[in-house]
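**Q** Work the whole structure out from these sequences, hints included.
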Amino acid sequence: MSAPLPPDGQTVLRDETAIHDLGYRRYTGVHIGARGAWRALYWQGVRAMFGLGRSAKAKILPVFVLLVSLLPTLGMLVASSVAGGVVPMRYGALIPSNLALLALFVAAQAPELLSRDQQHRVLPLLFTRDVTRASYASARLAAMATALFAMASVPLLLIYFGEIGLAPKPSETFARMGTKMWPVLLQSSVTAITLSGIGAALAAWTSRRAYATASIIGAFLAATAVATGLDDLAGVSARTAELLDPLRALRTMALILFDEPTRGMELDPPGSVWGYVLPLLAMGAAGATILQLRLRKVSA
Amino acid sequence: MALDALTVAIDAGITGLVGANGAGKSTLVKILLGLVDPSSGSATLLGHDVVADRAAIRALVGYMPEHDCLPPEMSATEFVSWLARCSGLPAGASRERAAEVLRHVGLFEERYRPMGGYSTGMAQRVKLAQALVHDPRLLILDEPTNGLDPAGRDDMLALIQRTGREFGISVLVSSHLLGELERICDGFVLIDNGRLVRAERLGVLTGETGTLVIEVDGDADAMVSRLVAMGVAAQPERQRVLVQLPTGVDDDMLRQTYDAVRDSAVAVGAGLLRLERRRGHLEDLFR
Amino acid sequence: MTGSSETSADASGTTMGMTAGITTATVASPTPALEFSNVSHWYGDVVAVNDISCTVGAGITGLLGPNGAGKSTLLQLAAGLLAPSNGAVRVYGHAPTDGPAVYRRVALVPEREALPGMMTARAFVTARAVLLGVRDVKDAVDRALALVELDSAADRRVGGFSKGMRQRAKLAAALVHEPSLVLLDEPFNGLDPRQRLQMMRLLEARADAGTAVLLSSHILEEIEGIASRILVMLSGRLAASGDYRTLRRLMTDQPHTVRVRSSDDRALASTLVHVPAVIGVEIGSTGLAVRTTDYAEFARVIAPLAQQGGITLFEVESTDESLEHVFAYLVAR
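Protein chains in written order, with my numbering: chain A, 1 to 300; chain B, 1 to 287; chain C, 1 to 333.
Mixed in with the good hints there might be a few duds.
[Unchecked claim] Partial selection, computed: residues in chain B whose CB lies under 10 Å from chain C:
| # | residue |
| --- | --- |
| 1 | 138 |
| 2 | 180 |
| 3 | 265 |
| 4 | 286 |
Everything labelled a hint here was simulated from the structure, so no lab data went into it. Glycine included, C-beta positions come from ideal geometry on N, C-alpha and C.
**A** This is the structure in structure tokens:
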């Protein structure tokens, strides 16, 4: 202790008294680069799809879609448990209504990920960072696809596990049913990819969310109208016409996958499931390409 | 063509970027930020080529745009830390840096509220914070005092000065408000019609001229007559007296001129409100 | 009060080539161009203009204040676009809504873009001229466009104009009927320095010819060079009016700080300390910083004191007489 004692006799330890420098400090930590940036965009996108991190109003639609898509599922599970678990679950019946709900979901939420950034002019702040137009597009698409996959698969998985759980002999049922898992996953993935591609392509064109939502819904409705028109009026075969309408194609694909054909399908067999998977994936990829092209034109 | 064979070297410190609308300022900024590729020629920024080393440059440059860019439903902390992550900082470090930087720009409890409710002053501070969060070496500011009232302008200019002087970050300010640039800049770059017209230290332009401006509370004309009679090159200008200082003379001769001014003011009983050498202004570049 | 030309002749006698708006004392022009008498205006609960009384004469007057202070509302009241909730607005003695005779003497250049993109500049200015009953429309339009230097671009669509050109088009439309009172709301918004200087010169020329110009801005440096007569609005009230240097001297509770550089600072300082108006002298490396309660008195004594001491004065300057300081003081009150 080199410091002299203050006159009043109290001991003050010099080492403990200091004014700390709160000035600006350089950042000397690690940089995880573009991967970290992609992840930040991705997770923020996933949260935005479900309205997380925003006001309660933003969550209404995702919650609504989730609940409504689960109601028939839960209904079936209840009916099945009452009947002692022997009623076979019909996946195919769920799919059409769920698809409509998912279309609504993507129409409402895709703009949150794509139109919003343009509206608030955040893109220049992103593109001057470790974010390229390509990584922005892929992160947003991945986020949308993840959210859609979750929404599409949850009801199906519920039925799947419900059927096994409620069956009188779960292990037997599982052995019989085990193969139903991959259709669930395939159906959900293709749905996710196709709808997110279409939704993203349309949402990116406008900075006004209401217009984006309307245009996505309009696109689905128009596709249905065209396909139905070709089918009913123009005499084009139903199988061809339905490839123009993604929702209808997804439905038919599901019915094939879960082996629950309709009367119409029995009369006019659709052929292999890959005849649907590939075009639908192509639609999704086209959407992603359109998104990329659109972003290139957006001035930052 | 927005830029025509532009060659410019920008020094450390605070530099002002001036030029007419459409003269190429925004194009230059976009090239420096990597948002646009130069059609020909090259640009190096902080030792990296703007096209080839784009990723390296992005980590080194911070950008504060002129336009509004704050999502109203996010809070400042959320926004700034998200952007830090988009610059490649790990999540934990992003939060810390965001908190630090928001403190430096003077945002305290407000930072947790949604930005939709922010005043212009607070919004401008957030914009500056997001430009600083990844610790850039160069800060590019586009009309940083846009929409601010005079007190807010002072605060922002002081903040920019601190950033340039204390934080050790080079700053490039693009602005139409020349008076503000004169207050904070060390040097300036003037662009016109896509070409570099001048780039030099501010002092070269705003240095003193050879004219004395004298404001008097009294009979300016009488003072002028007396000065002329004493052999001084004086003339009236509105309420003022202008005196041309003799050039190429030694200090004693110069002092005689100043003394003549003083004495003639006393002689005519005029109050000496102002006596100073006229300085150049950035505005002179546009006359 | 029949035609605009007569009034211009009246007013031109006042300014005599000076742009600073120093007018009314020297001339027999009894009715001011614009007069507010206890004018208030509210939108529901928001009192945009609160009991304002002032006059505006020939020359350039700057209307200053932060955003939301009520400047736009005041200009709209002057133009007759709004009727005051209380009090009276008089343009050359008449209410601004008093009929075409008054409309023709006033012009407002609003802040918002009000230009129909598909019209050419010429068409826009012509429409305005016709609406206002200008005789010899073609000549008037040509003159107005030449005045703002848009004659070469006159037949192009306004939608393709740059911001500066749009401002000039709006100004041409406002000047086509040669009004004697021109009101401008943030006219320099978004203009680059050259465009701003051009517009300033234009306005100065009009003011020299006798027009009364009232222009608003929230950027002090824009006003500082062009108007020495200012009106300062804060939250709807008129905080101050007049020449800002004079205003500074009225701020007697705020001592002036004057920077002095001489051949012998310390000696000068020791004599200054004896001056009653001087309350402090700080000796620095670049000269003295003298604090005084009476700037005019200080100005009167500094030269004699220096002369007596054989000290050469190199620099005398008040460091807080700028518009910024005046404004900051008014805001803080």
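**Q** Please go over all the hints and tell whether each is borne out by the structure.
**A** Each hint, compared with the structure:
no., hint, result
1, 138, "violated (23 Å)"
2, 180, "holds (7 Å)"
3, 265, "holds (4 Å)"
4, 286, "holds (4 Å)"
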